[in-house]
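Novice: Below are the chains, spelled out letter by letter.
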Amino acid sequence: QVQLKESGPGLVQPSETLSLTCTVSGFSLTSYSVSWVRQPSGKGPEWMGRMWYDGDTAYNSALKSRLSISRDTSKNQVFLKMNSLQTDDTGTYYCTRDDNNYFDYWGQGVMVTVSS
Amino acid sequence: DIQMTQSPPVLSASVGDRVTLSCKASQNINKNLDWYQQKHGEAPKLLIYYTNNLQTGIPSRFSGSGSGTDYTLTISSLQPEDVATYYCYQYNSGYTFGAGTKLELK
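Order-wise, the sequence lines are chains D and W. Residue 4 is where the first sequence starts when you use this note's numbering, and the numbers rise one by one after that. Residue 2 is where the second sequence starts when you use this note's numbering, and the numbers rise one by one after that.
Next comes chain D alone, as it looks inside the complex (with noise of 0.2 angstroms):
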């Protein structure tokens, strides 16, 4: 079945780079494409970027100076790298699968403090 799980660091201190794997199964990346959300506790979902199945990918624009997604498809992986995180930051990270624009299948979700 299909399965997605973020995994990756809880706390992250103010001006460092988040790094999370999003670890996928029961499909494969080079059929569908992956989607990062974020939402802050209490505030609804924001679309971060997406790695399209054929390897390109798109970004929010809001995002697009600090964010970076790539993939291993031979580990069935797709990464976030975002740096210069501030508070405003923390969040719960969700890898989605990107289904032609509808996210049919989301992982657990993980939550990030940025914090000192």
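Certain hints may be false.
To be verified - Incomplete in silico selection of chain D near chain W, CB under 7 angstroms:
1) P48
2) W50
3) G52
4) W55
5) Y97
6) N104
7) Y105
8) D107
9) W109
10) G112
Claimed, not checked - Derived pair list, reagent style DSSO-like, types lysine-lysine, alpha-carbon separation capped at 27 angstroms:
11) D:K46 with W:K25
12) W:K107 with D:K8
13) D:K46 with W:K107
14) D:K8 with D:K67
These aren't lab readings, by the way, just hints derived from the structure by calculation. All values reported here derive from a predicted model rather than from experimental measurement. Even glycine gets a Cβ: it sits at the ideal position worked out from N, Cα and C.
With chain D's structure known, arrange chain W on it following the hints.
Specialist: Leaving out everything else, chain W in the frame of chain D:
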């Protein structure tokens, strides 16, 4: 950027009620809109894609409609397990979620 405004922010309803949640876009989004349900402590779950298409496994009491800038999610007969926050999401130009409607039981 397209802004998505959901109303009401909080809705209280009784079991069996017909419930309507609204989502208004700041410009025409050509039906490029999905609806997600998020229960407390869980990831969002896809309910409706491209305005009115029911995702596999979602109960038929959920339905979506709309066009242009105005979209609606309807629950025909509210069940206790429908207590959640509901988000609309547009992908016509950029990608934007609404702030959500929290659905509570009266």
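Novice: Confirm or reject each hint.
Specialist: For each hint, the structure was consulted:
| no. | hint | verdict |
| --- | --- | --- |
| 1 | P48 | holds (5 angstroms) |
| 2 | W50 | holds (4 angstroms) |
| 3 | G52 | violated (9 angstroms) |
| 4 | W55 | violated (13 angstroms) |
| 5 | Y97 | holds (6 angstroms) |
| 6 | N104 | holds (4 angstroms) |
| 7 | Y105 | holds (4 angstroms) |
| 8 | D107 | holds (5 angstroms) |
| 9 | W109 | holds (4 angstroms) |
| 10 | G112 | holds (6 angstroms) |
| 11 | D:K46 with W:K25 | holds (18 angstroms) |
| 12 | W:K107 with D:K8 | violated (36 angstroms) |
| 13 | D:K46 with W:K107 | holds (23 angstroms) |
| 14 | D:K8 with D:K67 | holds (23 angstroms) |
Hint compliance for this structure: hints 3, 4, 12 are broken, all remaining hints hold.
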